[in-house]
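Spelled out from the first residue to the last, the chains are:
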Amino acid sequence: MASKFTRSNSTGWLMAGPAAVLMGLFIVLPFLFAIGLSFTNQRLISPNPTQFVGLSNYSQLLGVGLLTLEPERNEAGDVVRAEDGAVSYPALRGYTRNNPDYPQLDGMREWFSFSLGESRTYVLARDVVFAKAVVNTIIFVLVVAPVQGGLALVLALLINQKLRGINVFRAIYFMPVVVSIVVVSLLWRFIYDGQSGLLNNLLSALTFGAFPRIDWLGNPSTALGAIIAMSIWQAVGFHMVIWLSGLQTISPSLYEAAAIEGASKWQTFRYVTWPGLRNTAVLVLIVITMQAFALFAQIDVMTSGGPLDSTQTIVFQAVERGYGKQDISGGSTISVILFVFVLAISLLQRWLTREKK
Amino acid sequence: MASVSLKNVRKNYGAADIIKGVDIDIADGEFCVFVGPSGCGKSTLLRMIAGLEDISGGTLSIGDRVVNDLPPKDRSIAMVFQSYAIFPHMTVRENLAFGLTIANAPKVEKDAKVAEAARILQMEHLLERRPSQLSGGQRQRVAIGRAIVRKPGVFLFDEPLSNLDAALRVDMRMELAKLHNDLGATMVYVTHDQVEAMTLADKIVVLNAGIVQQVGSPLELYHCPVNKFVAGFIGSPKMNFFDLMVESGDDAGLRISGPALQEFSLPLTGAAERLVGKKLTMGVRPHDLYLSGDGPLKGTVILVEHLGNETLVSLSLTNGQAVIVALDGDTECRVGQTLKVGFPANKVHLFEENGNRVAV
Ligand SMILES: Nc1ncnc2c1ncn2[C@@H]1O[C@H](COP(=O)(O)OP(=O)(O)O)[C@@H](O)[C@H]1O
Ligand SMILES: [Mg+2]
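Chains Z and F are the protein sequences, given in the same order. The first sequence begins at 1 in full-length UniProt numbering and counts up one residue at a time. The second sequence begins at 1 in full-length UniProt numbering and counts up one residue at a time.
Please keep in mind that the hints were generated in silico from the structure rather than gathered at the bench. Treat the hints with caution; some may be incorrect.
[Stated by the list, open to error] Dumping the calculated DSSO-like pairs for lysine-lysine here, alpha-carbon to alpha-carbon at most 27 Å:
| hint | chain 1 | residue 1 | chain 2 | residue 2 |
| --- | --- | --- | --- | --- |
| 1 | Z | Lys265 | F | Lys340 |
| 2 | F | Lys278 | F | Lys238 |
| 3 | F | Lys7 | F | Lys20 |
| 4 | F | Lys298 | F | Lys279 |
| 5 | Z | Lys265 | F | Lys7 |
| 6 | Z | Lys162 | F | Lys20 |
| 7 | Z | Lys162 | F | Lys178 |
| 8 | F | Lys110 | F | Lys73 |
| 9 | F | Lys203 | F | Lys238 |
| 10 | F | Lys238 | Z | Lys265 |
| 11 | F | Lys73 | F | Lys113 |
| 12 | F | Lys151 | F | Lys178 |
| 13 | F | Lys151 | F | Lys107 |
| 14 | F | Lys203 | F | Lys20 |
| 15 | F | Lys203 | F | Lys278 |
| 16 | Z | Lys325 | Z | Lys162 |
| 17 | F | Lys107 | F | Lys73 |
| 18 | F | Lys73 | Z | Lys265 |
| 19 | F | Lys73 | F | Lys238 |
| 20 | Z | Lys265 | F | Lys178 |
| 21 | F | Lys238 | F | Lys298 |
[Claimed, not checked] Across the chosen pairs, the derived CB separations fall in these ranges:
| hint | chain 1 | residue 1 | chain 2 | residue 2 | range |
| --- | --- | --- | --- | --- | --- |
| 22 | Z | Arg350 | F | Ser132 | 35 to 43 Å |
| 23 | Z | Ser245 | F | Leu168 | 44 to 52 Å |
| 24 | Z | Thr249 | F | Asp165 | 22 to 30 Å |
| 25 | Z | Ala171 | F | Leu168 | 45 to 53 Å |
| 26 | Z | Thr249 | F | Ala209 | 28 to 36 Å |
Where is the CB? At the ideal position from N, CA and C, for every residue including glycine.
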C-alpha cells in the first residue's frame, strides 16, 4: 500500500484536487482577471465598451510629485507677510492645473507640505486618498507585526508551563481568534464609544474623572491607533499558538544542559529558546505582515476609512473603488499593487531572516 | 574531584514510587555504573544527582556537602545526555565554551579550556563545524567535551552510547575508559547494557524497580550474584535456570532431582539439613556447561550459532525448557542432534524460592 501511495502521483493529485480546484477558481483565476482588468477602463456596470488603457491606472494611483515654492515678494524683493506674520505662497493650482511649464504635475493635489527655510516644499499626489491609504497600511504593518508577534511570544512563553489549569488560559487567549472579526469589530465600537464606551468609563474611573472622554474612533489622531490596538488583541492568540508549537519542538534536554551550565532565565531564552524558534519567527512574521496588509473588515465596520481619511487602507480602497464607485479596473489595479508589495516584502523578510551559512 | 553518597534516597511522582530508598556510596575517582532494565529508574536516579529532578526523601551528598536543594550548576557536576543535547545553532567551539560564555569568562580562558578539551578528545579539526555537520560519534564527543570544560567533580552519563552504532559504541567505550584514567574524575554512568557496565565499571549498581539489587565490582557480580535477578541480568548469554528439588542430603552432599535433569549430587555441605525437601532454582552460566557423556542435562539441538571464537548451542531439554551452552569455536554440531551436558559443581548458583542466593 505504502509504496503505491509514494509511486503514483494520481492519488496525490486526487487528494489535493478539490482544494486545488477551489483555490484556482476563486483565488488564482480572479487574480489573473484582476491583472487583465488593471490595464483597461472597465467599470462594474457600464454601457460603454471596454478599452485598453495601458498603465494609466497605475500612474493615476502611484503618481507623485514635488514642488518647491518661494514666498511671494513685493517689488523691493521683500517677503510679503500677513498681519500675523504668516508668509504667503503662490496658489498651488496655478501649477497643477493646465500649466504648460509643469505638465508632470497636471491634475495632482497636495498630500502634505513642509518648510525648509523660507521656501515651502509640497508633496503632491495624483490620488491623495490612495497615498494616505498606503501610508496608513504601512504604519499598521510596522506597528502590528512586531507588537503582535512579540506579545504572542510572551504569552506563549508564559503559557508553556506545566501548571494546573494552564489550558484555561490557552482557551481564553485563543477565544478572540474564534470569534468573527466583524463581530469583534462591532463589540469594540461600543468599547471605543465617545460617550459611554467601556474604555472611556474605565479610564475616567481609574483617574477619578480626570481623564477627558475621547471619541476614539471619531478623532483623526486616535482612530488608527484604536484600530491597531484592537487588531493586535484579536489575533494575538492565533500567533501565540504558532509560537507554542515552535516552543514544543525544542528538546527539553537542551534546557537541562543549559541549566547544568548555570544559564539564567534570560540566557536560556537567548541561547536556547530563541535560536530554536528561528523558523517559527519567520513564519509568524510573514503571516502577520500579510494579514496586516489585508486590513479591511475592521475599517469597514468601525470607521469606513474616516475620519478625514485617517484610517484609509489599501484593501479598503480597493473594495471602495471596485464596488462602491464601480471602478472595477481601479480596484483591480490596487489589488495588483498590493500583491507586488506583499510579495516583495515577504521575499525581503525571508532573505533577511535566512540561515546564514 | 568528589565522592557521591546517597542515603535512603526516594522519588515519587504523585502516588507512583519510582525510587524506593536507595543507599549508594561512590568513592572519589570511582567509575560507577547504574545498570538495570529499561524503566527501572536509573535515569531518574542520575537526574536526581544532577539536580534536574527534585528529591522526595533521603539525603544526597557530593563531596562533603548535602546538595539536596542546590541547583544543578552549584553541584559541581557535568552531564552527558543520550540525545547529546548540544546546541544545534552553535559551532562546536561555541558549544564547548557555552558555560564559560554565560559566566562571562575572558576570551583567553575560553580559548585555553576549549583547546584543552579538544586536545583530550582529538577533535581540534571539528571546532568550527556545526552539529549538523557532525556524525553521531562526533556529536557525542562534543557533549563529552562540554562536560570536560566544566572541570566537574562528578561526570554524569545517561546512556551516552545508546544512539551510536555497534562498532562506534565499542570505540567510544574504550575512549571513555581512557578518559576516566586520564582525568581521574568520579564518573556515574547509566546504561541498560550489562556489557557496558562490565567493561567500564569499577563498581556496578544493579537496579530493578527502583531498588538496589546488588553493589559490587563486575567480577563479584558475575561470580557471586546475590539473587536470581542479578544472576540473570549480568553475563551474556544469560544464565540458565533450572527448577529442582533437594531429595536428601548428608555430609557427602545433596541429592538433587528436577523435571529437566537426571538426579545428580552436589558436594554441598553445611547447609544440607536446612535445604532437604526444599524447592530451589539452580543457575549455571552457558560458559560453565560442557559436553559430557554422563552429564545430568540431556537435550536436542534446536539452534547453532557459530561466532568463531565460540559456538552457542541452544538445547531443548526433555521437558521442553531451552538451555544455552557455549562451546568451543570449532565444535561440530547439527540441529536435531542429541547432546548430553554437564557442569562443575563449584560453578552452580543456588537460589531459594524468593530469589535470594542460598547461603552456604
Ligand atoms: N515525570 C514523570 N512522571 C511520572 N512517571 C515518570 C516520570 N518520569 C519517569 N517516570 C517513570 O519512572 C520510571 C523510571 O524512569 P527512568 O528513570 O527514565 O527509567 P530508566 O531506568 O529506563 O532510565 C518509569 O517507569 C517512568 O515511567
Ligand atoms: Mg533512561
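Against the structure, the hints come out as follows:
no., hint, result
1, Z:Lys265 with F:Lys340, "violated (68 Å)"
2, F:Lys278 with F:Lys238, "holds (25 Å)"
3, F:Lys7 with F:Lys20, "holds (11 Å)"
4, F:Lys298 with F:Lys279, "holds (21 Å)"
5, Z:Lys265 with F:Lys7, "violated (32 Å)"
6, Z:Lys162 with F:Lys20, "holds (25 Å)"
7, Z:Lys162 with F:Lys178, "violated (41 Å)"
8, F:Lys110 with F:Lys73, "holds (18 Å)"
9, F:Lys203 with F:Lys238, "holds (20 Å)"
10, F:Lys238 with Z:Lys265, "violated (48 Å)"
11, F:Lys73 with F:Lys113, "holds (18 Å)"
12, F:Lys151 with F:Lys178, "holds (17 Å)"
13, F:Lys151 with F:Lys107, "holds (17 Å)"
14, F:Lys203 with F:Lys20, "holds (21 Å)"
15, F:Lys203 with F:Lys278, "violated (34 Å)"
16, Z:Lys325 with Z:Lys162, "violated (55 Å)"
17, F:Lys107 with F:Lys73, "holds (21 Å)"
18, F:Lys73 with Z:Lys265, "holds (13 Å)"
19, F:Lys73 with F:Lys238, "violated (41 Å)"
20, Z:Lys265 with F:Lys178, "violated (36 Å)"
21, F:Lys238 with F:Lys298, "holds (19 Å)"
22, Z:Arg350 with F:Ser132: 35 to 43 Å, "violated (20 Å)"
23, Z:Ser245 with F:Leu168: 44 to 52 Å, "violated (34 Å)"
24, Z:Thr249 with F:Asp165: 22 to 30 Å, "holds (26 Å)"
25, Z:Ala171 with F:Leu168: 45 to 53 Å, "holds (48 Å)"
26, Z:Thr249 with F:Ala209: 28 to 36 Å, "holds (33 Å)"
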